[in-house]
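6 protein chains.
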Amino acid sequence: MTVGVFVGRFQPFHNGHLEAVRYALRKVDYLYVVIGSSQKDHERDNPFTAGERIAMIKAALDHGDVDPKRWMAIPIADTDSHALWPAILRATVPPFDIVFSNDGLTTRLLKENGVKVEAVKYLERSSYSATNVRNRILEMKEWEKLVPEPVASMVKSIGGVERVRSMIHKDLEGEA
Amino acid sequence: MTVGVFVGRFQPFHNGHLEAVRYALRKVDYLYVVIGSSQKDHERDNPFTAGERIAMIKAALDHGDVDPKRWMAIPIADTDSHALWPAILRATVPPFDIVFSNDGLTTRLLKENGVKVEAVKYLERSSYSATNVRNRILEMKEWEKLVPEPVASMVKSIGGVERVRSMIHKDLEGEA
Amino acid sequence: MTVGVFVGRFQPFHNGHLEAVRYALRKVDYLYVVIGSSQKDHERDNPFTAGERIAMIKAALDHGDVDPKRWMAIPIADTDSHALWPAILRATVPPFDIVFSNDGLTTRLLKENGVKVEAVKYLERSSYSATNVRNRILEMKEWEKLVPEPVASMVKSIGGVERVRSMIHKDLEGEA
Amino acid sequence: MTVGVFVGRFQPFHNGHLEAVRYALRKVDYLYVVIGSSQKDHERDNPFTAGERIAMIKAALDHGDVDPKRWMAIPIADTDSHALWPAILRATVPPFDIVFSNDGLTTRLLKENGVKVEAVKYLERSSYSATNVRNRILEMKEWEKLVPEPVASMVKSIGGVERVRSMIHKDLEGEA
Amino acid sequence: MTVGVFVGRFQPFHNGHLEAVRYALRKVDYLYVVIGSSQKDHERDNPFTAGERIAMIKAALDHGDVDPKRWMAIPIADTDSHALWPAILRATVPPFDIVFSNDGLTTRLLKENGVKVEAVKYLERSSYSATNVRNRILEMKEWEKLVPEPVASMVKSIGGVERVRSMIHKDLEGEA
Amino acid sequence: MTVGVFVGRFQPFHNGHLEAVRYALRKVDYLYVVIGSSQKDHERDNPFTAGERIAMIKAALDHGDVDPKRWMAIPIADTDSHALWPAILRATVPPFDIVFSNDGLTTRLLKENGVKVEAVKYLERSSYSATNVRNRILEMKEWEKLVPEPVASMVKSIGGVERVRSMIHKDLEGEA
Chain F
1 MTVGVFVGRF QPFHNGHLEA VRYALRKVDY LYVVIGSSQK DHERDNPFTA GERIAMIKAA
61 LDHGDVDPKR WMAIPIADTD SHALWPAILR ATVPPFDIVF SNDGLTTRLL KENGVKVEAV
121 KYLERSSYSA TNVRNRILEM KEWEKLVPEP VASMVKSIGG VERVRSMIHK DLEGEA
Chain B
1 MTVGVFVGRF QPFHNGHLEA VRYALRKVDY LYVVIGSSQK DHERDNPFTA GERIAMIKAA
61 LDHGDVDPKR WMAIPIADTD SHALWPAILR ATVPPFDIVF SNDGLTTRLL KENGVKVEAV
121 KYLERSSYSA TNVRNRILEM KEWEKLVPEP VASMVKSIGG VERVRSMIHK DLEGEA
Chain H
1 MTVGVFVGRF QPFHNGHLEA VRYALRKVDY LYVVIGSSQK DHERDNPFTA GERIAMIKAA
61 LDHGDVDPKR WMAIPIADTD SHALWPAILR ATVPPFDIVF SNDGLTTRLL KENGVKVEAV
121 KYLERSSYSA TNVRNRILEM KEWEKLVPEP VASMVKSIGG VERVRSMIHK DLEGEA
Chain S
1 MTVGVFVGRF QPFHNGHLEA VRYALRKVDY LYVVIGSSQK DHERDNPFTA GERIAMIKAA
61 LDHGDVDPKR WMAIPIADTD SHALWPAILR ATVPPFDIVF SNDGLTTRLL KENGVKVEAV
121 KYLERSSYSA TNVRNRILEM KEWEKLVPEP VASMVKSIGG VERVRSMIHK DLEGEA
Chain G
1 MTVGVFVGRF QPFHNGHLEA VRYALRKVDY LYVVIGSSQK DHERDNPFTA GERIAMIKAA
61 LDHGDVDPKR WMAIPIADTD SHALWPAILR ATVPPFDIVF SNDGLTTRLL KENGVKVEAV
121 KYLERSSYSA TNVRNRILEM KEWEKLVPEP VASMVKSIGG VERVRSMIHK DLEGEA
Chain E
1 MTVGVFVGRF QPFHNGHLEA VRYALRKVDY LYVVIGSSQK DHERDNPFTA GERIAMIKAA
61 LDHGDVDPKR WMAIPIADTD SHALWPAILR ATVPPFDIVF SNDGLTTRLL KENGVKVEAV
121 KYLERSSYSA TNVRNRILEM KEWEKLVPEP VASMVKSIGG VERVRSMIHK DLEGEA
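Chains as they are written, first to last, in our numbering: chain F, 1 to 176; chain B, 1 to 176; chain H, 1 to 176; chain S, 1 to 176; chain G, 1 to 176; chain E, 1 to 176.
Excised from the complex, chain F in its bound form:
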């Protein structure tokens, strides 16, 4: 059985991520979806908690008919030293054969540690990016079509739109 890892922050999980999961599952038998920066939430670039992201991913993959027997999500918090990241990945995820990533640094770190990395084909990369989704939420533009339907519902039901907008002007310890 071949095992793959797909790394992202999924803030939020969008249609491009869904296509990437499908792409990866054509290449491997089982996929660990690693949720990076898992400890971050309620920040402009990281609005959702790990728990909310796992819920979104599960809902999106179930809705997209991705077989739940073939994947599991694993949150991994950031570390100060990037050089340790491959070791943390190995310590937190069961043994794997390949990592799917388009990110330059992830790819470099893993290759420096002898891990096989493959770039993923995304659909329409420029629009299907989480940055784009968050920006459109902030700018009150239509964003729902960029994400799987259950993700849009979930973002709305947890007050995610207001949450993203509440972080425009200041952060937690913002000026007073």
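Quick caveat, the hints were computed from the structure, so don't treat them as lab data. Just so you know, these numbers come straight off a predicted model, no measurement behind them. There may be inaccurate statements among the hints.
Note: identical chains are not told apart, hence a pair may lie in one copy or across any two.
Claimed, not checked - Lysine to aspartate or glutamate pairs mimicking EDC-like chemistry, simulated, CA-CA at most 20 Å apart: (1) Lys-116 <-> Glu-162; (2) Lys-156 <-> Asp-45; (3) Lys-69 <-> Asp-29; (4) Lys-27 <-> Glu-144.
Given the coordinates of chain F, assemble chains B, H, S, G and E onto it according to the supplied hints.
Just chains B, H, S, G and E now, kept in the frame of chain F:
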């Protein structure tokens, strides 16, 4: 859909844990198996990494015919302040209805935070404990029957027996 | 007895903060002044230590005839995950009824956790901001009138003006 | 004005602590009561949160007619390196003249850093110790007379007796 | 014997650093070269690990005929609170008489703690800066002459040029 | 050039450590002496700071005529997850060929990561252990002959004997 959480360290996952998962899945539709102290490994009381524990749990539940559509593992690292633990659980796991636990402190912390907790019926508690399994490995007694068959194989194949024994006398920065 | 919490970073404590404390003490019997980002100091946006900030607040409130029986300062360090902040607040401060804050994220986090939050009326918000005070110190403009008199004396006596200016060009591990 | 610091963990605040505060306030004009290991709670040796301990201290000192104008509580979390502790104390507490402590290591660390330390006279040291209070709670012996009356009430009203007892057998990630 | 400390991040070690070491060794008998932000690597402003930086410094100083009996490198990780930095320096480095630094904040922090600090004469400061070296690597300009020859070889042999360039567009958890 | 690593806590550096360094330097050209648990000090089992330990090692090796061109000390702090230790070692120390260690866990961790490890021959292991040295200091027995002469002087001159004894009864936040 009712959602449950089952918390343990699973050092290693044993037959009592397997029964607890089965018990919980008779009560809820979906179960998050939370791997506590996920950051600990290669210690006398915590020999296995989070990744190894996820692999053991997956192998044991697959072998035990537990439906992979109905559970997922989520590692959670320790925190200094126990009072924060319920908030960490809520931030890391999708919304849940009930937590299964026999542990006094876990139960107290969660109840102090208004979470519903239910004790789990285990089989032959005294022998089916991870402490007992580790002690028997240390004392070179028969331990394999206390854990699901794939867990025994996995412990052996990763050198787990030698690992547990190598930690009897000293820890990492042990005397020299 | 009603108990309130007023959250800020107080870098430094200025006249707007003083008015906010007075406003809060008209609404509650006792006020905990929570010093956020307590672990930060000698940074451009966080020049003063927690100890210096407590000293400034105490001097300012004593000078402003705020009854010392009705308030206490409590420093709280930052945490990676904002979602944990309400739990940290509850673990570090005695039980309270209401939080006073104008900050969007603080308000949102606390409301998501069922905490009552009230906006505070400030005097002339644009000038009475700590950012404005720090900028004026940097630009060698008159800043002393924006803060209570003992705060101005204290900032000067600890070399605070030079400290703020020493951080314009580089941070601690700045280039060499 | 002379300023003192009194350091303790206050798990819980007992009659000996109260006498120590009175002793210190005969020597200095203002006292900062530093709550050490502030991040610990729900542990056998550290059952109460910083917030609960501040509430206990405030209630005990108010009940004991200690002037609220003359003291403030400041929580300080542990650090890995004890050598940093004097610097953390200085960064978190306003300038002080003397530290009151009977603890050997605290005294040594501070003296190695040129801080004046004075031993405190306690009443009946052997019985008025927090360890003794916690042990008596565990053993279901009479403990209420060892602490100020409002502390006894508070411990009971927050379920502190049950909390202490729930931690006898196992810690959070205890065996299952 | 007089002992000095020279603090830098050395990302990477360049000719200006080499001159600074020589300058310092004319003033003191022994020099500890403190590698700041030692925990950072594979970041745009901190591409190299502590180990790589120690190797570069050793190679550069050996190549530059700096007597290996007269210096040693000591890595120090960042801390949240800058106010603690002088205490960390004292706890991590053997006793010293003077610190060599041109950095405003380092100088201020140390002087606030009674440490003697001396500015260092650098050669052609504007070009011999690590920021300049990193920018030239990014922009594919000639950079090798700004660093000692063994540093240039080492950067190339560990794939440092590609590493620096791989971090232009995104960081580890970059968008996908 | 072959490069070795010798790992220890050196609390304090004793004659057995000195012999181990000599042994290692007969096998390799250059040796990195890694000071483990570098962040610990003023604890019963870890009385000395990293800086004090570097000073002791340097004095002992100079006194023992070990060529200063052939070694350097590098402090490394503990990490929660032992599985990351080999990656931290690789990130903090320049490239090496072999690690010298008698410790079971260190040996196992490194071998699990494909690092070559060799046991070191010590002189009279039972007496030349740092635990034995600390115990003899505590028990007021003769301990000076177990360590190189400059280490004995240094321990005394920094008040190390009193420091070790001050930690018998309580730790920093000890009972009051």
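Verification of the hints:
1. Lys-116 <-> Glu-162: Classified as between: cross-chain Cα gap 18 Å, same-chain 40 Å, threshold 20 Å.
2. Lys-156 <-> Asp-45: within (17 Å within a copy, 34 Å between copies)
3. Lys-69 <-> Asp-29: both (10 Å within a copy, 16 Å between copies)
4. Lys-27 <-> Glu-144: Answer is neither; intra-copy 29 Å and inter-copy 35 Å both fail.
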